[in-house]
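Chemist: Read off the chains here:
There are 2 protein chains.
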Amino acid sequence: MSELENRIRDKSLLSKIMKPEDTIKFFEEAGAGKRSVNLGWSGFTPVGYPKVVPIALADHVEKNNLQGKWKFNLFTGASVGAETEDRWATLDMIDRRWPYQTGKNIAKGINSGKIKFGDKHLSMFPQDLKYGFYTKDEGGKLDIAIIEASAITEDGNIVLTGAVGSAPEIIDIADKIIVEINTGLPSFEGMHDIVVSDLPPYRKIIPITDLRQRIGTPWCPTDKSKIIAIVESTLPDNGRALRGTDEVAQAIADNIIDFFTTEVKAGRLPKNLLPLQSGVGSIANAVVGGLVNSPFENLTVYTEVLQDTFLPFLDSGKCKYINCTSLSLSNEGFSEWWEKFDKYKEMVLMRPQQISNNPEVIRRLGVIAMNTPVEFDIYAHANSTNVGGSRMINGIGGSGDFERNAFISIMHAPSVRPTKTDEFGISGVVPKVPHVDHTEHDIDVLVTEQGLADLRGLAPKDRAREIIKKCAHPAYKDYLFDYLERAEKATGYAHEPHILSEAYKLHISLEENGTMRFWNK
Amino acid sequence: MSELENRIRDKSLLSKIMKPEDTIKFFEEAGAGKRSVNLGWSGFTPVGYPKVVPIALADHVEKNNLQGKWKFNLFTGASVGAETEDRWATLDMIDRRWPYQTGKNIAKGINSGKIKFGDKHLSMFPQDLKYGFYTKDEGGKLDIAIIEASAITEDGNIVLTGAVGSAPEIIDIADKIIVEINTGLPSFEGMHDIVVSDLPPYRKIIPITDLRQRIGTPWCPTDKSKIIAIVESTLPDNGRALRGTDEVAQAIADNIIDFFTTEVKAGRLPKNLLPLQSGVGSIANAVVGGLVNSPFENLTVYTEVLQDTFLPFLDSGKCKYINCTSLSLSNEGFSEWWEKFDKYKEMVLMRPQQISNNPEVIRRLGVIAMNTPVEFDIYAHANSTNVGGSRMINGIGGSGDFERNAFISIMHAPSVRPTKTDEFGISGVVPKVPHVDHTEHDIDVLVTEQGLADLRGLAPKDRAREIIKKCAHPAYKDYLFDYLERAEKATGYAHEPHILSEAYKLHISLEENGTMRFWNK
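If you're matching them up, the sequences are chains A and B in order.
Heads up: the first sequence begins at 1416 in my numbering, then just goes up one per residue.
Heads up: the second sequence begins at 1416 in my numbering, then just goes up one per residue.
No lab work stands behind these hints: they were computed from the structure.
Hints may be right or wrong, so weigh each one.
Intra- or inter-copy, both count: the list cannot distinguish identical chains.
[Claimed, not checked] Quick list of in silico lysine to aspartate or glutamate cross-link-like pairs, EDC-like style, CA-CA up to 20 Å:
#1 Lys1529 - Glu1900
#2 Lys1884 - Glu1604
#3 Lys1876 - Asp1552
#4 Lys1529 - Glu1903
#5 Lys1876 - Glu1604
#6 Lys1639 - Glu1569
#7 Lys1686 - Asp1613
#8 Lys1920 - Asp1869
#9 Lys1551 - Asp1877
#10 Lys1639 - Asp1570
#11 Lys1641 - Asp1437
#12 Lys1735 - Glu1927
#13 Lys1755 - Asp1730
Build the full structure now, drawing on both the sequences and the hints.
Modeler: Right, dumping it as structure tokens:
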């Protein structure tokens, strides 16, 4: 028996095995007479997404000159690998795309009006998909789900690979399912804890009070009669490159570790802190690195994605357990993962994104949230998505889920970034962010390499002084203080003083002069 | 035995009875050497707040010329009666004030830099208070709680009056408690279901799957050794005037009822809808009135405040059960309430605001949220708090709790309002709101008297066209479409096109010309 046949334990499904190119007819049937085919993909933040079927579809479009003529609405957990979706974007195959993306050509499509993209809190996306909100004009279902799987159980239920994401809901609401069994990887079976969103008024309690608790099944409940094809894949995930850290990130991390130390001393945090959530990138890497070298012990992580940097954190013995919805590891990270799989699988649990990012659980557990926005303003509103207010980068992702519901909501960013012509061309602290993803009502602590502003209990004008003083780069401090004082006078010391005609002066200068420092151009 | 003595069932506490003016010494003691005394008050949206002690304190300040010299930090559920807090503001007695207010003189104090005010999601405020975040520089406690009560139980636990709000947490963390027993009103005993926020990692599941479920006690757990005084009050709540409705509100309500009908027909809502949350004011009144006359039956309400308009809703038999944290009734409303108390008490349950507004419960029950912002913009961001971006009105209240977590998140506002010189001087739909309280990631449906824009599944530029087409007033449609098209061209059809130098042109015109219609000045 082949490895593929081994992995399909429900032998009645062996008859569904076919080649990737043989599945194209299903998409043609589903798309007949429609503007776009509604697709659901497994996968979350380049892991666990289908590969050989999307590539076969792209090849088909390319060979038959169907660019711009055959379109798909693509719903998935978060982002997927560039070799699939980004290529689809290049071939103009994507009509609508939800709820998060990373990819040069997708971003280009989104920011030129070609791809209709919407970003949504990642905990809400699968529930709203299940509620039928995204395909409400076509009955609320998906035409076809393409799911990467480790195996199919004796009863025809799908066992996922390196991510859960929105796959349980996609499997649930799709009319038809195509399964890609990835035999190029060992099976992830046993690492998932699956529950599917219910419809109100019958939604259930999420009974997690300790992140080690399993509340579901290790496989996705699957109506096996919907499985129309099973294909074999041996392609690896196109993981993100391992990213290191730098001096600025290190300084930010040091500020955060100091803050934790103070909070523990004051009795506002237990000695082993509370479950940690962290975003991705160099600052997150530095924070986790800082924790490895800290006196804190018995730490836990309740987060969206497990990155490379968490592996040494687990190895160090400092971190006892991680919940996530995706193993966002690089190729090097995955090598290490599989080497120590027997150990890691006892320390990591993958949950659906509606659970990993759920307000109910985040608030109950008292998660400490840490995420990087593009910029934040003097009153503690943060922009995570649209540069200059207009141009989408990736999407809000889970940052809103965590920042809104956390015990302590931290956002961190460099105080300044260079442009082509000015080493301090972009300030991370601005008078008013041109796009708000997180409001002043949601954020407790702001951090740059300059310092940390603890905003808890502060009114807006006091907040502004604290943020400028602690977080702004020296190159921008004078201007920001001056703006604040003039705004206070202009509004008669109103609650949150702004001069609307000047609020975006830094951003307009950046666009026109290549630096926010209009006084320096 | 007097009625006061009757209400104090723990007879060991009878010795604590005193006159309001005799409590002043406690505040003097607590304030010795401090900038401001940290006070917690019971009460929520002018009901259930302490009266005779705050009035005695105000009298004392007035008589002794202590204006501006004796200051208090005031933490309460939401707003309280004008005869207490607003008078305190006039006497310059308030230093810091959290998390929501209504009052002419408080607003004046806030918008002139005198009162340090912060608004916070009402579900989060009591938990953050309990976490010690608001008084972290002074040990995280409150000096004194002043609590209006119906009674004290045999074991010394406090039974509240017409609101729960943050009283359970305030009683929990206050060093000392002064109880005002209101013998001027019948007892509300049995109408409350009290649980107190826990500290993570020991927070518990909130086990509500049906809004009839009781999960707590009818009284607030109270350490009776902290009770330093009991005073009698006979003063009624200074309830809000009953507000009717008008043609515009009626048209908005009609649009919403039509939407519900469509959703039920499409199978996306059950026949009895889902638990309803509604804000306050004429639109809320019209919506509830519309439901009374609708074919929908067996409705339930999971909301923050029960207003006058809910009484005929209960009388009609259409509404079976209401959860709230406060009976925000007018004097006329309370007369009716007490007349039919035996009926109403079986249909209404008051919960702490951390429960009435809790994301966990709101999402699980699938609440339908309806709130009125100041204005919303073409991409579906809404401003609920700061007029012109700077001047605070009341605070975000619970709107963020509900809009973020609801099954369907609806915001409704008139498309246009008059100014002194222009009957269409203020548009409810603007290019960009100057303060964001609710983001595009949170709102599903926007409604004005012009129409209803269902934004579910729409990308920003499509959203903008739908909002302008359906919701904007004819006097602003051309300008808004023109702005959108020029912004698209200027940004190369970016994700969410804006022209930053023009985004606030309407607001600046309003300030300078008394109308947003700069083309018409």
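Chemist: Are the hints correct? Go through all of them and say.
Modeler: Going down the list of hints, with the structure as the test:
{"no.": "1", "hint": "Lys1529 - Glu1900", "result": "between (43 Å within a copy, 16 Å between copies)"}
{"no.": "2", "hint": "Lys1884 - Glu1604", "result": "neither (51 Å within a copy, 51 Å between copies)"}
{"no.": "3", "hint": "Lys1876 - Asp1552", "result": "between (47 Å within a copy, 18 Å between copies)"}
{"no.": "4", "hint": "Lys1529 - Glu1903", "result": "between (43 Å within a copy, 12 Å between copies)"}
{"no.": "5", "hint": "Lys1876 - Glu1604", "result": "neither (53 Å within a copy, 42 Å between copies)"}
{"no.": "6", "hint": "Lys1639 - Glu1569", "result": "within (11 Å within a copy, 61 Å between copies)"}
{"no.": "7", "hint": "Lys1686 - Asp1613", "result": "between (37 Å within a copy, 18 Å between copies)"}
{"no.": "8", "hint": "Lys1920 - Asp1869", "result": "neither (27 Å within a copy, 34 Å between copies)"}
{"no.": "9", "hint": "Lys1551 - Asp1877", "result": "between (46 Å within a copy, 16 Å between copies)"}
{"no.": "10", "hint": "Lys1639 - Asp1570", "result": "within (8 Å within a copy, 60 Å between copies)"}
{"no.": "11", "hint": "Lys1641 - Asp1437", "result": "within (17 Å within a copy, 76 Å between copies)"}
{"no.": "12", "hint": "Lys1735 - Glu1927", "result": "neither (50 Å within a copy, 60 Å between copies)"}
{"no.": "13", "hint": "Lys1755 - Asp1730", "result": "within (10 Å within a copy, 66 Å between copies)"}
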